[in-house]
Amino acid sequence: MSAPFKPHWNLLARLSIAVLGGGAGGALLALWGYWHTPYGQRLQEEVAQPVLFDHRHHVVDDLVDCRYCHFNVERGASAGIPSTQMCLNCHSQIWNKSPKLEPIRKSYFTGIPIEWVRVHQVPDFAYFNHSIHVKKGVGCVTCHGRVDEMPAVTKVASLQMAWCLDCHRNPAPQLRPPEEITSMTWAPPEDAAARTALAAELMKKYDVHSRVSCTTCHR
Amino acid sequence: MTPEAAAAATKGPLAEAPLILGHPTDRQLNDELLAPIFDPNANWKKAVGVAAAGTGLLAVGVVVTIARGIGMWGNNIPVGWGYGIINFVWWIGIGHAGTLISAILLLFQQKWRTSINRFAEAMTIFAVMQAGLFPLIHTGRPWFAIYWLFPYPNTMGIWPNFKSPLIWDVFAVSTYFTISLLFWFVGLVPDLAALRDSAKSKVHRIAYGIFALGWKGSSRHWQHYRIGYLILAALSTPLVLSVHSIVSFDFAVAQLPGWHTTIFPPYFVAGAVFSGFAMVLTLMIPARAVLHFEKVVTVRHLENMAKVMLVTGLIVSYGYGMENFMAWYGGSAYEAFLFFRTRTTGPYAPIYWTLIFCNVLVPQTFWFKKLRTNLAWLWIASILVNVGMWSERFVIIVVSLHRDFLPSSWGIYAPTWVDWSIYVGTLSFFSLLFLLFLRFVPSVAVAEVKELNHELHHQAGGHA
Amino acid sequence: MPSMKSLPVIQDPATKALPGHRPLWQSVEEVARRRGEFAAGAAEAPPELSRRSFLQILGASAAFAGLTACQPPRDKIVPYVQEPKEDRPGKRLHYATALSFEGYATGLVVAAAEGRPVKVEGNPAHPASLGASSAFDQAALLDLYDPGRAKGLWRKGQALGFRTFLSEVQKLSAAHEADGGARLSFLLAPDASPLLAEFRRRLQLRFPRATFRFWAPIADDHAQEGARLAFGRKLDLHARLERARVILALDSDFLATPGDSLRLTREFASRRQPGEEMSRLYVAEPAMTLTGAVADHRFRVGPAEVSPFASAVAAELGLGKRSAPAGSPLARAAKAVAADLSRNRGRSLVLVGPRQPASVHALAHALNSALGNAGETVVYTKPVLGDAAPSSAAITDLARDVEAGRVDTLVVTAWNPVYAAPAATDLGALLARVPNAIYHSLREDETSKACSWRVAAAHPFESWGDARGRDGTVSIVQPLIAPLYESVSTVDFLAAFLDEGDKGGLRHLQETWRARTGLDPATFDREWQRWLRQGIVAGTAESPVAAALAVPPAELTALDPPARPEGLEIAFAPDYSVWDGRFANNAWLQELPDPVTKVTWDNAAYLSAETARRLGVSEGQVVTLAVKGGSLSAPVKVMPGHADDCVTLPLGYGRADGGAVSKGVGVNAYRLRTTPGAWRVAGAAVTPGKGKHRFAVPQGHFAMEGRPLALDFASHEWAHGEGGGELEHLRGTPPTAQVPVDYSKPDYKWGMAVDLSRCTGCSACLVACQEENNIPVVGAEQVAKGRIMQWIRIDRYYSGPAADPQTISQPVMCQHCETAPCEYVCPVNATVHSDEGLNEMVYNRCVGTRYCSNNCPYKVRRFNFLNYRPEVAPVETLLMNPDVTVRSRGVMEKCTYCVQRIERARIEARVAGKKIEGLQSACQQACPAEAIVFGNLNDSGSKVARLHDDARRYDLLHELGTRPRTAYLARIRNPNPDLA
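Heads up: the sequence lines are chains A, B and C, in that order.
For reference, each letter of the first sequence is one residue, going 1 to 219 in the numbering used here.
For reference, each letter of the second sequence is one residue, going 1 to 464 in the numbering used here.
For reference, each letter of the third sequence is one residue, going 1 to 980 in the numbering used here.
Isolated chain A, as found in the complex (with noise of 0.2 Å):
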């Protein structure tokens, strides 16, 4: 009797089995590769804020140092969010009129705080603290990137486990001189010598502990 195939369906079979086998994987491998990318980490993502706050123009114009408003920074795990009071440290006295600056009086004078949306957000089973990384000599660009660059501020690092731990591994790469913590500018030594001897000498100065144990982040 007649075969129900003709030989040119041959191919057709090796095409369906290289589609199925290719597409299963391929799947897999873009999942995989979705968290590497940055829309899969958030990265440069514009967030609109419920007040245009400008970074680069206090930061460089005014050169306020980011421990005005961040007051908590080196005391506490959150670096402290400024409070509508601390806005109008100055705005009481510079751009009190300014229609951008309504909603800070809005919210002085009716006692409701303002809801900003949080950029840097790390789930609540990790517990990150500012104080320690920053008394250890890990400065606020290392994580944050250039804020004095950024109208709106976005995220820069990725903060996926596996970026905390490239630092907690080997810290001293990412050290700066603490004098030079809030600088947006700061660079390390060009020359490799000088770079090393520097982590080195901050090493031991800060003394230096970085723990990976898991109750380290996760409690």
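Be aware that one or more of the hints could be misleading.
Unchecked claim - Pairwise CB distance ranges (calculated): (1) C/P740 with A/E179: 43 to 49 Å; (2) B/I315 with A/H8: 51 to 57 Å; (3) C/P740 with A/A162: 26 to 32 Å; (4) C/K943 with A/R56: 51 to 57 Å.
In case anyone wonders, no lab produced these hints; they're calculated from the structure.
Even glycine gets a Cβ: it sits at the ideal position worked out from N, Cα and C.
Chain A is fixed; fit chains B and C onto it per the hints.
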């Protein structure tokens, strides 16, 4: 008097029963062995209906477990593992007959494997499918287990714990399933082609045609086929030993009395083959009658399986003996307490004694040819053995856990309706797959039987 | 999680709807200001904070903002409008306050995170706490956040605003003033508060003919009567256990004395080290108690046989002639005890429990003075409660008055009289007849149903007030949070009847104390701040009075003991979990295994195996107990060591309207308590019933099966053991396949030591742990299934004769093995070892295979089999410790050595460039016996390091080679050789 009994009677007591009755032609074999597919048994639909209903139970059980949590099972502290793992080990064990028959007997060129290997392989695959379900659903958070158990470079910068036997399980079981499936399918190809060619309807022709992968039976095809089949056989031979050894490590590696036992790997493997053959018999004896395979699946086959069960049964019994000896000789108070008090007189003592009866005493009957060749007894015995093997897993897992080191933390374990429905569900799902197999795939390796038939014919001719 | 703004005022229609209710927190800065008032009360406050608390204070709300395609929503950050000066994100503030129990205060320090009290701790400066805290103290926090608390002020089912309430009360008072308050009656909870005493004085001035009665279901008026018999006046007895070498406790569970249990436990434990100075405790009691369990000799006697035994001892000491029949075991015991007592004149002590009649108390006073113990091991002061001492008769007197229609207005602050009143007096019906029955309570209960007025009481943590410890020391009670619900503090409530309800607790308090101290404003303010900061008013303790017997001892010994009752006797007992029933709605306490029987969520008719046999009843069988004027069906539970021919019934269960938690839990023993305050009722008939009851008991087995688990030695055995030779094979590092890690390098090597000689099994540590670590409650059914979640369990083992066994308690929590069996079996690395040797459990990595638990020889791991927090009211989320992850379903958990405290302390110390100091685990902090010690083993000076080198040190399941970091110190008993 049945034909095979007659055949046996005419020859002397020492003469073996034949592997194939009479001298059927290829055409006859073809028609008879493919018959179930082209004119199915009237009751098939009913059977499928029952099995499908039972499979519904499985669905319910799994959904409830995932929706509400493991708390729906009987598990607790101290008994962290219950029916889930018992059934996992039991099913995996059953899965062992197939590979053993197909691979090892093939390499040893045992003629009698021929008419039962397809059957056994199918059973293996279906059993492993049941087994594979449990490790996943028994975890508290399956949605993470699915991908955290596999090693791949991830955003957490950490790997699974390669020291854990559970990780070894993941690899062992998945490998085993893949190889068995390939092995089974490759063996099927020539028969699928035969089906394609002898099919009446176009649908059948196309359907089987697709899976026959354009098999033409040319000598070139046969050559490649043989090589591929042997390679797969060689690949799966070590698996027969490795899979259940690794499963046994889940327990042997722990420090719990009743688990921490160096003899576990061999005796788990033996137990697996033991239960696997039992399951083949349980399925084969009725199937052979219903599908009229008496010609090719003769008492000789069944008797040989009984012999294998006797051997493995003895190995298992030796394992029990050794365990108890070590419990006494090792001098660990905790182990002695488990073996000589908890198991024998504890709340679960009946299950322990069931295990001893089914796994140690029942196989002893296979010393006697009369009983070996008595299909009724063979069938009952095979079922008893599987009950026994299930009890063995219960004793190992639950009994060891429920009374361990600190009496203050002793507890009791009672399965819930969810446990039961999942267990019964897997049995039904297994049957369902099997019924489908009987209906749509040649349950005897037709090509190989034909080949064997010729061999036997020649030998006979030679002597004449 | 509600935002900070919504935090203080719970979105509860009941409160919102109320017209003109008192000003609650309106906004964040007001919160700040209000807490500013008493910020100075803050003791040391850790400057470090956690991300989680940050989310809390900034009120991260899961608003679906910045939602992109398939991305999770972004949190909101809500900063203050104005920074409060004393508070920074995540900074923990500690406030000293006090909690009264049966009228006596225990000083506490409560830690608040972002204005939420999250942890109760003992106040080291307070004599009744000494830094420790009881299970009751710890559990108070759960009451505070209980969504089922009473809310609002109601009259005849109609809501009153606070102001309306005040004006209504004002009218009432004015009406009663006319006839001097003849038809006005007060039923008050016993309370030593000076402020309330002052209020009463003024109330009496205003309503000279009003009646003031003090009542509590459990009163010790026998003791007071006994003192009157002996000294001619009522006196408080204060034991000085640290001075006592021989203690005879006659049916006295002194380790559970209200208001004094912590101090007595500490003092008792301090004398349980092997050596010359080790104390010896004799206990004669019917049912096994905490005290009986730690006794060196426990005499199993029925409640009625205690008195003869006491007389026999007295006779041996030459007081009286009523000696026990010679040759009887009790006679032998009495002889030995008497000899021991007389050998230790001035160093011995005889204590009597409230269940014994006044005559026995009097006899004990006689013995103590005869033995020269007065002023040495026991001191007397004039009663701290004074006229506010509870009297059992109060309830019947009140009933009589109401019956006769002599009461128009009844003011009730006493706890739930309707439930706890004698069965005969149907108080419920009577109160319903009182035109104005005003009930002030923390919860809606049986009594609220009967009263026409219901006034929700503010929780002590929400109100101003003062209180006195059992030794008289005064503490200022300061609020830690504004009232969560529309409610009225006791001070404001009583002040309302002086037309000063709107003055505010703080002003009342300061005025009263300014008057009492007569200090000028400046000094007073300074003093006031000091009182708040220290939590005590120094020098206010009652000074001991010289107490001479008013009558010759012979007379006291001659007092006739009550006749031996006929038939079966029923003895009532306060319950270790719910006391008299007031804690019945507290899930932490309900699920707390009874320290003696390990039963959770239940009470039972406890009796001895012998009695059970004679009555033909079996464990769990429901029987009907009938006495004159009442009957009750209760499940039987056989208690090892229980006296024969008597039944012990714990009070406080079987609540009809006690709230959601207590519903259908246990049986109501008050139904058999036919006479007010009765401790015993004789002639009970027992009829076996059909039903079988299943108790939820987390412990599976009570015999050690000859395994070396909870070890104890008699002092003489120990002495011969030349410093623990017996234990050599149970310590040190056995050879293991694993290459041991060297943990001596890092700064810290965390370890724990548990001293079984000190541990009484009181279980305060369990609740402290539950509170600190956000441990869920699972309910009776799950407990019975073997799924209790508490990270610590206290194993209770019996040894010796089943009828009269010796007992030992052994707290078991994660042992943090250096070669941990749980770690290598976890497929996903969810439990691993830290560089400092902690056995870490990483919840967010766990997939829940439960393999670790199977392989844990100590079975200390706990699994979230179900979602044990199905629905959480917003107010309940405020209870959570922000430093500890709340575990989800399908995740394993276990004791972490309070790693959140370690990490908090570490960062704090490293930022300050110091080493970690004074770090305590939650269980250690709560333990009144100082039986649990946690610390750094690499600091050879640390207490825990010393204990690890102690001769009594051994490792649990040592031969397994797990190398536990938790060491046990064997218990030493001090039996009397004459009784050996």
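Checked hints:
no.: 1; hint: C/P740 with A/E179: 43 to 49 Å; result: holds (45 Å)
no.: 2; hint: B/I315 with A/H8: 51 to 57 Å; result: holds (55 Å)
no.: 3; hint: C/P740 with A/A162: 26 to 32 Å; result: holds (31 Å)
no.: 4; hint: C/K943 with A/R56: 51 to 57 Å; result: holds (56 Å)
The structure fails none of the hints (numbered hints given earlier).
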